[in-house]
Amino acid sequence: MVEIVNRPYGKAFEAFAPSRPDVLCLSADLTSSCEVDGFRDRHPDQFLSLGMAEQNMMSFAGGLAMQGFRPFLHTFAVFLYRRPYDQLINSIAYPNRKVRLMGFLPGITTPGGITHQAIEDIAVMRAIPNMTILETGDATEVETVLEVADAIDGPVYVRVLRGEVPRLFSTPFAFNKLRTVSEGNDVLVVTSGVSTEEAMRAAKPLQDRGIGIYHLHASTLKPFDRDTLVSAARGKKGVVTLENHTINGGLGSLVAEILAEEGIGVKLRRLGLDDTFAHGASKPYLMKKYGLDASALVVAIEDLLGRCLDIADTELEGVRLDTVHSAQKAEAL
Amino acid sequence: MTITNRQSTEDVAAGIRRRVFLHTMRNNGGYLSQACSAAETLAVLYNEVLNLGEPTLPKMPLPFAGVPSASNPDAFTGAGYHGPFSPEYDRFIISPAHYALVIYSALIQMGRMGEDALDYFNKDGSSVEMIGAEHSPGMEVTTGSLAQGLSMASGLAWARKRRGDTGKVWVYMSDGEFQEGQTWECLAAMSFHGIDNVRVVVDVNRQQCDGAMSSVLDLGDLPARVVSFGATTRSIDGHDLDALRNATNSAEPGRPLVILANTSPFQGMPFLQRRFPRLHYVRFKSKDEREEMKVAIAEELGLELESI
Numbered sequence: 226m227v228e229i230v231n232r233p234y235g236k237a238f239e240a241f242a243p244s245r246p247d248v249l250c251l252s253a254d255l256t257s258s259c260e261v262d263g264f265r266d267r268h269p270d271q272f273l274s275l276g277m278a279e280q281n282m283m284s285f286a287g288g289l290a291m292q293g294f295r296p297f298l299h300t301f302a303v304f305l306y307r308r309p310y311d312q313l314i315n316s317i318a319y320p321n322r323k324v325r326l327m328g329f330l331p332g333i334t335t336p337g338g339i340t341h342q343a344i345e346d347i348a349v350m351r352a353i354p355n356m357t358i359l360e361t362g363d364a365t366e367v368e369t370v371l372e373v374a375d376a377i378d379g380p381v382y383v384r385v386l387r388g389e390v391p392r393l394f395s396t397p398f399a400f401n402k403l404r405t406v407s408e409g410n411d412v413l414v415v416t417s418g419v420s421t422e423e424a425m426r427a428a429k430p431l432q433d434r435g436i437g438i439y440h441l442h443a444s445t446l447k448p449f450d451r452d453t454l455v456s457a458a459r460g461k462k463g464v465v466t467l468e469n470h471t472i473n474g475g476l477g478s479l480v481a482e483i484l485a486e487e488g489i490g491v492k493l494r495r496l497g498l499d500d501t502f503a504h505g506a507s508k509p510y511l512m513k514k515y516g517l518d519a520s521a522l523v524v525a526i527e528d529l530l531g532r533c534l535d536i537a538d539t540e541l542e543g544v545r546l547d548t549v550h551s552a553q554k555a556e557a558l
Numbered sequence: 056m057t058i059t060n061r062q063s064t065e066d067v068a069a070g071i072r073r074r075v076f077l078h079t080m081r082n083n084g085g086y087l088s089q090a091c092s093a094a095e096t097l098a099v100l101y102n103e104v105l106n107l108g109e110p111t112l113p114k115m116p117l118p119f120a121g122v123p124s125a126s127n128p129d130a131f132t133g134a135g136y137h138g139p140f141s142p143e144y145d146r147f148i149i150s151p152a153h154y155a156l157v158i159y160s161a162l163i164q165m166g167r168m169g170e171d172a173l174d175y176f177n178k179d180g181s182s183v184e185m186i187g188a189e190h191s192p193g194m195e196v197t198t199g200s201l202a203q204g205l206s207m208a209s210g211l212a213w214a215r216k217r218r219g220d221t222g223k224v225w226v227y228m229s230d231g232e233f234q235e236g237q238t239w240e241c242l243a244a245m246s247f248h249g250i251d252n253v254r255v256v257v258d259v260n261r262q263q264c265d266g267a268m269s270s271v272l273d274l275g276d277l278p279a280r281v282v283s284f285g286a287t288t289r290s291i292d293g294h295d296l297d298a299l300r301n302a303t304n305s306a307e308p309g310r311p312l313v314i315l316a317n318t319s320p321f322q323g324m325p326f327l328q329r330r331f332p333r334l335h336y337v338r339f340k341s342k343d344e345r346e347e348m349k350v351a352i353a354e355e356l357g358l359e360l361e362s363i
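Residue numbers (my numbering), protein chains in the order written: chain X, 226 to 558; chain P, 56 to 363.
Watch out, some of these pointers could steer you wrong.
[Unchecked claim] Distance windows between CB atoms, simulated:
no., chain 1, residue 1, chain 2, residue 2, range
1, P, Phe-247, X, Lys-462, 57 to 63 angstroms
2, X, Ser-244, P, Val-122, 29 to 35 angstroms
3, X, Pro-246, P, Asp-174, 43 to 49 angstroms
[What the hints assert, rightly or not] Computed footprint of chain X on chain P, listed as stretches where at least three residues anywhere in the stretch have a Cβ under 8 angstroms from a Cβ of chain X:
no., region
4, 105-118
5, 208-215
Calculated directly from the structure, the hints in this document are not laboratory data.
Remember, it's a predicted structure, so these values are computed and weren't measured experimentally.
Ideal placement from N, C-alpha and C gives every residue a C-beta, glycine not left out.
Let the sequences and hints guide you as you build the complete structure.
Structural data, given as structure tokens:
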């Protein structure tokens, strides 16, 4: 059974920030929802409450960064780019300010529906010059992403997991380096965020049927570790990407771009939200409904290999059981 | 800054109008009404109020050096014409980037930029852009998308206060920016956080691109609205130098200062009244029209026709 870590971000930020006086914690009325309530209470001098006013928060952060502070903005991922996009561009991205955008509840990890689900954030952020994009996939990455983000000369957008987060990796977040999860010979699977855990669920049943999966986990989406992807893709019977995002403009698109640019003629299946909005419901339900889970990955691999693997859903329940009744569940949206 | 033969503020204001007018005539169009409304406020700020160091950029503006990025060490901002970033000096954020020609003219009049700097205005590859970019002379941040300057200035001011800098952060705004929600978000935040080292001067000329603000989206009792957000608010005649002097010196602890400088978009060039309400950008429909305006406004400004 995989270790489940409770509120890893809150602890990590409180370990990270106090020794760095130029780091500021900014919040837009979602302080406990972003796990920085304890930091606010114990380090009020490094905390700035800016209320439900994201446009002002973006430009204000740009001004702070001009003076050498490194603001970490905390709110839901969706509120960091949809409403204040113009401010993000002109006050932060264009002048290449060291502003760190910590986006919580990415994609369908929130039951908040359309208004709360950042499903096209990576596509939008990828299109912005100067922007770096990081995505955490487990508790270890959540715990170690802060130093990585803080070292970057320019704005950084981070998809952060909150609440009860599984620990999948034992080594820290490494900037612009794909993690090799497994090294099989048949199909390359590239995943990011919560999708990585899903792909890991499928590993054993696939192995039992003699299917070799080469699994790469992407935690830096811009820039991208092209070399590792290219060498892993060569000679494979197919490539599958799985992401907690629309398949347009995110991980699947960037893998497609690289494969095409490198002339690697291999079939690609992009899994994720298939050009659709989602709606408000639980994460497991949404992952199943929209084909973001382990069984969707199995179907795609069957399609690529042209054979039925006969894997029952019960075989895909490994790695961890979702804590349906967890205390985190009812936390404020 | 040591200036020998220091100019009077009246002369600076007259110089700003004259330079913008001459440039508009020579280039068949320009932001003329902004010079009319802004001349006195900018003259008071640059000549008397702002505490700025010597310029750090050359008299002749540099060519555009590329957009800012981690891989472009050559990128610069126009803040150098306001002097170095030292704790004791003020910063001056120009929020309506459309006033660029007026700002450039003020910098030239103040001797911060060379007499011929406007030769580079709106020329390909130049930093002296028509809408001020952050690399344009006098521009410190990107503000062409309106109402972001105040928020950036507030972050800057909060940071300077935290650092113990004595220099203030001045912001020049247009009244149209009070139609944007971000301005009100920012006023609320400044008030809540007691950001009292920001000094805002607003050109209340009641004009915007479509025409008179009263016909586009009227702001009602603007002073009352700003007061209600917790700012120290002074609503004054923006062409009255003494009123401007007093207002700039009237900040209160714990509150931002917002000076609503009520101005006329044809102050000093009454001939422009004929263009009302289409004053945002003045251009000429015919040669005759240009000639008529040239003669009339030259006389109003006391200029010799041969010099145009």
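Cross-check of the supplied hints:
For P/Phe-247 and X/Lys-462, the Cβ-Cβ distance of about 60 angstroms falls inside the hinted range of 57 to 63 angstroms, so the restraint holds. The beta-carbon spacing between X/Ser-244 and P/Val-122, approximately 34 angstroms, falls within the hinted interval of 29 to 35 angstroms. For the pair X/Pro-246 and P/Asp-174, the beta carbons lie near 46 angstroms from each other, so the given range of 43 to 49 angstroms is met. Taking a C-beta to C-beta cut-off of 8 angstroms, the region 105-118 of chain P contributes 0 residues in contact with chain X, too few for the three needed, and the coverage statement is violated.
Residue count for the region 208-215 of chain P with a Cβ under 8 angstroms from a Cβ of chain X: 8. That meets the three needed, and the coverage hint holds.
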